[in-house]
Amino acid sequence: MEILTYTTQQHWTTWFAVYLFLGGMGAAVVATSFLTHMYLSEEKELVMWGAISGVIMMVVGSGMLFLHLLNPWAVFYIVSPYGVFHKPDSWIAWGSQFIVWIQITAILYALPYMVEKPRLLNWPIVGPILKLPIVIQIANFAKRIHGFLGWVGIITGIGTAVYTGLLLQSFPAVTLWHNPAVPILFTVSAFSTAMAWLLIIMYIFIYHRVDHTIRALYERIDLGLITAELIIIFSFFNFTLSGSESGYRSADMLWNDNGWLIGFILFGLIVPLLMELKCVFGTWSGKVPIVTASLLVLNGGFQLRAFFMAAGIYAYPW
Amino acid sequence: MTHYAMVIDLTTCVGCNACMAACSLENQTPVWADHWRTYVHDREVGDTTGVQRRFIPRLCNHCDNPPCMSVCPSGATHKTPEGVVLVEPSLCMGCGACAMACPYDARYPATAKDIQKGKEYYGRLHRNSPSMDKCSFCYHRLQKGGEPACVQTCVGYARIFGDLDQPDSPVTALVRSGKARPLMAHLGTRPNVYYIPEK
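Chains A and B, in that order, give the protein sequences. Per this note's numbering, the first sequence starts with residue 43, numbered consecutively. Per this note's numbering, the second sequence starts with residue 78, numbered consecutively.
Just so you know, these hints were derived from the structure itself, not from any lab. Please note that the accuracy of each hint is not assured.
Here's a subset of chain A near chain B, in silico, CB distances under 7 Å, partners left out [stated by the list, open to error]:
#	residue
1	THR50
2	LEU109
3	LEU111
4	ASN113
5	ALA116
6	PRO359
7	TRP360
In this text, a Cβ means the ideal position worked out from N, Cα and C, and glycines have one as well.
Pulled out of the complex, with its shape left as it was, chain B reads as follows:
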């Protein structure tokens, strides 16, 4: 059985935002409203004795126990057998409960106005209905044997994608070694995006 997961290596992320650009073009996200399926946070941490810039890429964590899926009243948010959490826009009424439930701030509204604007911005738009959008791990690319657009474009190889059920996958090795850890594991969401922290 396939169990997709992603490891993000914060020691090699340079904050170039190429992942954001690749994702927005691949998935036609409403960037004009500052809504992204993946976003790289640029933070300064520390004090005058040692200030550091920290880049933290954020995306849907495709949790094994996704709170966004259990709160969704219409079943629009669902999980594929490979563990990818997807949204079916035609079923989504856009109540926003998923955005409230997500501890990773991964859901955003794609409104009717965004669809109209998207047609002008991207030319031909994949979506027709407004919905609470999110990262799909580029499921359409996975089905064709490819990788998510953000992984393919990452210049620092900070994003590593693979199948946790494959023992020889680099993702499996990083997760099993304990080098890569999930965010906010105490919430019981069982995320499938892991982070290698900075030293």
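Next up, chain A with everything else stripped away, as it sits in the complex:
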């Protein structure tokens, strides 16, 4: 029977884009700051900011999903490690495990530095908790297994970023989602937004406490990631243009939308790419251009996911 209806879905809308955006970025922030701390710089500030902000992002992102569950109590079936053994074919089961373990790892990795930080110790609620003998014991133990924790964080961080794309890839009816490029695109975007976020932190909050070579390296990596994202996006455009009506209609929807063209492609990718290029080649100095470019990258990361959720087209023979 021929297809009579082409339609979008109303189950997972903008709130789900927030989950994908904050979950992917938070996990990539933790993984990136761990890698930097383990192999590039012993700076405590960056890894602390990375771990804490990454966990906050993942808590807020997961909270969006949790608030939209019909039966939130049943979430305990998937947050326990038993969930993955029970349903190893479900990417949500894997993603839930990654998100749970990366948050635990991030807190444990940063804890030895947090218990030594005078400003944190003076905070209400947080300070008294950090001074508890059991917390200090956990921090000492975490310091002994720092390398192990770091690698658990890196693996689960990459896993979470990839999972955000694999989740959409599991839906066979929608050509825009059900293809091998989605996990790659979402992983590249997650790490690009993570770089942008960490650049904002380094330029605004801990400018004098971080080596400039780290900032310069992040700018160069972000430049490469934005370029890769642009290549994947345009190969997507080429892929969806022919082969299936669902894909063609998704392409038609996206590329005729000024929000996608101007909001995402222009101001989420091309403008920050050009701004970062000028910064990297030294013709622009100061904090403002790179912070502005990073804010645009963050906006682009969210727009990508929001438009992707909105432009998935289902084809029905009724």
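Following the hints, complete the assembly by docking chain B onto the known chain A.
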């Protein structure tokens, strides 16, 4: 081994919606929210030279390779040995991934409000937990040797139910002859609901 399947004959479906009524009463579905386990689409096709009304009943296709089951993180969506895809409401957290994965638009949310409303509407309600609901081929009736409510009530005999592993079943004959075909077979879901198209 039993392998349940349904054939829907579009040449005899008159669009009376009796299947929808029978199903909603049998399975206490939240009809007030326009959520149905089976739904008959009424479409006009063609142009001024020949307009036709087309009735297309839709329900869960109880796929052999169900994408709703593989995405379900808690195992709430599962398959019986007879090939029926079921939902265990107490395990379902209602994330909606199954609805996103289903190419046949067969999953819908039965919310806590629907359960409250259902108690007033139907009197006594079978379900207690909110979940992503779907057609069960009336599994409770199959276990007692009966047929799905929609099949039993269909006035045009448009719905034919049977066991694909029984060579003498009318369903087996229709499927083997190629007269009845599945929807969107290219997606690899291997559906167990087949349609005899209009001529």
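### Query
Broken hints, numbered, in rising order?
1, 2
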